[in-house]
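Residue numbers (this note's numbering), protein chains in the order written: chain X, 1 to 148; chain D, 1 to 507.
Just so you know, these hints were derived from the structure itself, not from any lab.
For clarity, every value in this text was computed on a predicted model and none was experimentally measured.
Every residue, glycine too, gets a C-beta built ideally from N, C-alpha and C.
Mixed in with the good hints there might be a few duds.
Derived CB-CB ranges, DEER-like [as the list claims (entries may be wrong)]:
#1 V251(D) with S68(X): 46 to 54 Å
#2 R71(X) with L480(D): 24 to 32 Å
#3 Q10(D) with M1(X): 52 to 60 Å
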Amino acid sequence: MADKIFGYIALAISIGYGFIAFTIIKAPFQYDPLGPETWPQILSVVAALCSLYIIFLPDRIHLKILGSTLRRVVIVVVLLSAYAYLFEPLGFVLATILFCGVMSKMLGASRLEAGLFGVASGVLGYGLCAGLLDLNLPGGALFKALGG
Amino acid sequence: MNEILAGLYQGFGVALDPMNLMYVIIGCFSGTLIGALPGIGPINGVAILLPIAYSAGLPPESALILLAGIYYGAEYGGRISSILLNVPGDAGAVFTTLDGNPMAKRGEAGRALSLSAIASFVGGTIAVVLMTLFGPLLASVAIHFNPSDYVALMIFAFTCLASLVGKNPVKTLLAAVMGLMIASIGIDANTGVARFTFGIPDILAGVDFLVIVIGLFGMGELITLVEQQATGKLQILPVGKSFVSLKDLAVVKWTILRCSLLGFFIGVLPGTGASVASAVAYGTEKRIAGKSGENFGNGDIRGLAAPESANNSSAGGAMVPMLTLGIPGSGTTAILLGALLLFNITPGPLMFTQHSEIAWGLIASMYIGNIALLVINLPLVGFFAKLLTIPQKYLTPLIAVLAFIGVYSVVSNPFDLYMIIGLGVFGWLIRKIGFSLAPVILGVVLGNLFEDNLRRALSISGGDWMILIDSGRSIVIYILTALILFLPPLFSRIKAGIQKPAEAAAR
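The whole structure should be built from the sequences, with the hints applied where relevant.
Next comes the structure, spelled out in structure tokens:
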């Protein structure tokens with residue numbers, strides 16, 4: 001069943017992709033016989049054929065996603081999005097402390113462990129990556145406050 | 001031959017540079033570490049650490065040496081979690097669990113670990129030696145390839161992928177085509193026409209390769225880890241004091257040799273890496289062992305040595321087509337190839353002449369790396385075993401942090417942070433319904449090369465498609481493609497045909 005649904009989604013994508021390839025993409029002038037549209041056209045046909053095969057001859061798989069598992073996955077995605085949202089404004093250190101703390105708490109760490117782990121990964125991570133390796137990480141609110 | 005010796009001389013000059021030597025050892029060490037962590041394999045490790053290596057400002061040869069060290073180091077380290085935990089880090093390590101874990105259960109974990117370390121070392125070393133011999137040779141042939149030969153090679157690569165990787169060839173093909181479709185997003189370099197960008201300026205230059213890799217392999221893995229987290233506590237078996245004996249080595253020496261050669265050639269085939277190599281090696285050895293092979297699966301040392309030597313030699317083999325043709329031999333080498341492209345180096349037949357310091361430096365570093373791995377692994381195996389006890393509750397958030405650092409430090413665009421989360425969910429979902437992700441990444445990496453060569457070939461012929469089967473070389477490649485497509489099903493049918501009467505006779 002899951003296979004079939006995915007097959008339909010893939011078919012829809014390949015039809016959409018093919019539609020654009022066959023109608024919209026056109027070069028105003030071109031030097032090679034194929035132009036920019038032929039390759040996507042070929043791809044869309046192959047993808048559509050594969051999707052049709054999957055729709056008509058699906059594998060039997062039981063997609064076992066338990067309710068509790070699904071909930072945890074959703075929570076993780078929300079946490080990750082929050083981390084992405086706060087990454088620049090709060091800065092790496094604060095955002096990481098929050099994210100690692102909350103996430104490890106959710107995965108079963110005690111409150112103290114989660115707090116220590118969060119602070120350690122935020123501070124050490126920044127020291128190691130921004131200090132030692134000279135990577136570009138957002139300083140954010142913390143450093144603005146410190147710098148005045 | 002002189003050319004090879006001169007190349008090796010230059011390569012060791014590069015690899016023995018103190019900084020590069022340090023990167024070899026760091027790469028091998030952290031590779032072993034990553035491989036040993038349960039659930040994380042070479043491809044995830046290289047994917048997560050690639051952007052950090054890139055933005056730390058290393059010169060290309062050092063970055064490649066480091067990443068390659070992580071790659072074969074992780075193939076090495078994967079056996080630790082397979083043997084002690086019965087949790088393979090990736091598909092390539094599954095066959096190590098079959099005989100490795102029963103040995104550990106018998107209290108022979110030390111013996112299993114040291115034996116597999118030696119098997120890995122021999123496999124890795126044989127692969128590098130073969131790479132030294134065949135790499136330049138293949139490059140000198142490939143230098144004469146014209147665009148239509150390349151098109152044939154691509155078709156060969158995708159056929160190998162579809163018929164050898166994964167359970168369902170159509171799904172693998174669809175995954176690869178999806179990768180090709182992703183690669184077609186952005187401005188077409190020949191005409192300047194924007195394709196599939198929907199007016200979003202962030203993807204005019206194409207979807208960033210790093211974002212795809214980190215999303216699919218870093219974030220996707222993280223979600224998988226979270227999903228599996230509740231499924232009971234893992235039992236770590238003690239390493240113990242047992243050690244491999246000379247008698248053991250005498251028993252497995254031919255197994256190791258055969259499987260190393262087998263692994264190398266499977267690695268060379270485009271797209272097929274450690275997972276196919278270890279599966280074929282295990283199956284072959286079991287068949288060769290015949291009657292004495294009944295113990296396979298219950299802790300037979302041959303059953304342990306076979307997949308371990310094969311998966312390490314396939315890692316070396318997979319680098320050969322990457323360096324000489326620009327076509328990666330496995331999912332992980334596809335990421336390494338993407339890394340080279342980030343440095344504006346296009347791997348291909350000219351690699352050995354134009355960027356010989358990279359090609360030969362990498363090869364030389366692999367000689368050193370294999371020795372370093374053996375030295376690291378024999379005495380320190382207890383230390384790596386301790387790492388298995390790193391609780392998931394700390395490991396999982398750290399993967400996310402590393403992925404975020406990687407993407408942000410390269411692209412500095414918060415939009416991409418959401419992209420990797422979305423790609424992670426997508427990767428997790430399609431893995432759940434039986435797709436593998438390696439074909440997607442191969443498609444992404446090969447997309448432009450495939451299209452460019454097709455268009456170039458048709459430009460030469462003025463639009464006549466017959467040019468694709470014009471040269472002798474491309475016809476040979478198409479014949480090979482047909483063999484790859486039709487031989488495996490034929491073999492399994494013959495095998496089934498032999499087995500049925502045998503079973504009937506047994507009754």
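Going down the list of hints, with the structure as the test:
no.	hint	in the structure
1	V251(D) with S68(X): 46 to 54 Å	holds (48 Å)
2	R71(X) with L480(D): 24 to 32 Å	violated (50 Å)
3	Q10(D) with M1(X): 52 to 60 Å	holds (58 Å)
Against the hints set out earlier in the document, a violation occurs for number 2 only.
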